[in-house]
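Peer 1: Spelled out from the first residue to the last, the chains are:
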Amino acid sequence: MDLPLIKIINSGILSTIQAARRLDFQDYGVPRAGFQDKISAQLANWLVGNKKFDSLIESYANYFEFEVINDCSMGVQGACSEIRINDRLVSLDETHHLSIQDRIQLFNNTHGSIVYIAVAGGFRVTKVLGSTATDTANKLGGLNGMPLASNNILKGSQSNKEMETRRIPEGLPCRAYFAKNTTVHVIAGPEASLFTVSNIETFYSCAFVVSSDISRVGYRLTGHPIHTDTHNISSKTTFPGIIQIPPSGDPIILMADGPVTGGYLRIGVVAEVDQPILAQIRPGGRVRFLHCLPEKARLRETNQCRWIEELYHKKTDS
Amino acid sequence: MAHIKWQYLGENAIEISDISSDIHFQLGLRDYLKEFPELGIASFMLTDKDLTLFSEKNGFMSVPHIIDRVASYQHEMEITTSLPLSIIPICYDEAFALDYRILERFCKMDYQEIITLHLNAEYKVAMFGFMPGFPYLHGLPLSLAVPRLRSPRKIIPKGSVSIANGMCGIYPNQSPGGWNIIGRSPLTLFDLLKDNAMPLKLGQRVKFQQISKKDFDGFAPN
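So the sequence lines, in the order shown, correspond to chains A and B. For the first sequence, position 178 matches number 177 in numbering that gives the first Met the number 0, and the numbering has no gaps at all. For the second sequence, position 149 matches number 148 in numbering that gives the first Met the number 0, and the numbering has no gaps at all.
One chain only, chain A, in its complex shape (with noise of 0.2 angstroms):
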């Protein structure tokens, strides 16, 4: 049964309810939506016992609060630096067990940009051409397709067993993710060809800075702007990772929310499993691309896939 678990007090620049991408209408023009940080998301249900894809919170936020309105159990994880229940410091690796009128206050201060708030069970929301992602572009999916907005009531299940308490174990790569300046791998776009030989040195040498222009949908890069002849071409298929290069030679890298087609020049697409690390940059952060072979970033994000399969697949870890 459907029950109200938390009421949002303050939710940070954007946040919304996200979970597994929406794959099937891509050909109708309908966006993938989902995590834009998978790593950070699937620990946090994994903190609460849920499926790696399960609903939950992705806030873009220095500072969220809420306050629980049915007892539940929370994992966060992401860019939090400091979780604060009823105003009292607790750790940020493991699950927690809130109770009814606690106030929860979630703090960033040092780096990344996105945070994840689980809960045990998962948030219930309906679910729209295939998922439950909400797509800030197209206003689908999610909380009636809009960002999460204060006094918001989030539905969760009734549960009916005490969850245990899981912690996320040392030695996990996942900490690495929150640097200030990062470097990804790139594998060269179709229109790689039509740039100059100096275009293309000056993106794969360059350190780009993250611009404030930062959203689901892209993030814009400035510094050192790529100047072509060619900047228009027929609308060419676009999606999460790809960087486009607009007439102003700012590149833009498509997110989460981006547009199922484009016309801009595709130079190259940030491999899949570099794409969590991207979105976490925050604006002023800069990030620096290197060349890679499609095989190479598919031997990566299989390497990624392993030890959160192998964590799924550990029982209990408390």
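I should point out that these hints are in silico values taken from the structure, not numbers from a laboratory. On a predicted model such as this, the values are computed, not experimentally measured, just so you know. Hints are not guaranteed to be accurate.
What the hints assert, rightly or not - Listed below are the simulated SDA-like cross-link pairs for lysine to any residue, each with C-alpha atoms no more than 25 angstroms apart in a straight line:
{"#": "1", "chain 1": "B", "residue 1": "K33", "chain 2": "A", "residue 2": "E294"}
{"#": "2", "chain 1": "B", "residue 1": "K48", "chain 2": "B", "residue 2": "Q6"}
{"#": "3", "chain 1": "B", "residue 1": "K48", "chain 2": "A", "residue 2": "D228"}
Stated by the list, open to error - For the chain B half of the interface with chain A, some residues (derived, Cβ under 10 angstroms), not all of them:
{"#": "4", "residue": "I13"}
{"#": "5", "residue": "A41"}
{"#": "6", "residue": "S42"}
{"#": "7", "residue": "L45"}
{"#": "8", "residue": "D49"}
{"#": "9", "residue": "L50"}
{"#": "10", "residue": "S54"}
{"#": "11", "residue": "F129"}
{"#": "12", "residue": "N172"}
{"#": "13", "residue": "A196"}
Glycine included, every Cβ here is placed at the ideal spot set by N, Cα and C.
Position chain B against the provided structure of chain A, taking the given hints into account.
Peer 2: What follows is chain B alone, placed relative to chain A:
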């Protein structure tokens, strides 16, 4: 074997380019490839002249096999499918045709002639993109091939029928956009509250049918 142009699009997709601008050829090729699950293709995306193939996680990339299949389809090319004709009501009232003056100037015709040309043509849904349910229609008369607006509009009303890049499109919802607006349709092309959220399908034939402003205002929701 015909020469097939293809490229990686990230590590989990390949794009076969310049295959044919005939949507029925592309749909035929897509359906043909679906018959070979061993190729590991999870999903497809069709754009103007390209077919993008997305792999199952760590499954695909027997790229040579895929390319062989694509080539063999070309040899067996046969187009049989044709979806039924869909009639889309359109009102060309000047209150809706936000860019009729640009069209007149560019096409060197008066608006009535433009309307006649637009109405007489038969279109095909060649792809969806830009936003959910936005159809790119092939079949626009060459004399109406007006380029995109120099600077896009911040708000284009829902249902606006538009022209750019040699194609006709319909904005299923209010949106920013850079196409020239020729009229407006009262039809809803993307409605999640309905079982059939998107009434137009890829490859479908489309004709426009003129309605008056009065008919537009009194149009019963589809």
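Peer 1: Now, for every hint given, state plainly whether the structure supports it.
Peer 2: Here's how the hints hold up against the structure:
no., hint, verdict
1, B:K33 with A:E294, "holds, 24 angstroms"
2, B:K48 with B:Q6, "holds, 14 angstroms"
3, B:K48 with A:D228, "holds, 22 angstroms"
4, I13, "holds, 9 angstroms"
5, A41, "holds, 8 angstroms"
6, S42, "holds, 6 angstroms"
7, L45, "holds, 6 angstroms"
8, D49, "holds, 6 angstroms"
9, L50, "holds, 9 angstroms"
10, S54, "holds, 9 angstroms"
11, F129, "holds, 6 angstroms"
12, N172, "holds, 8 angstroms"
13, A196, "holds, 7 angstroms"
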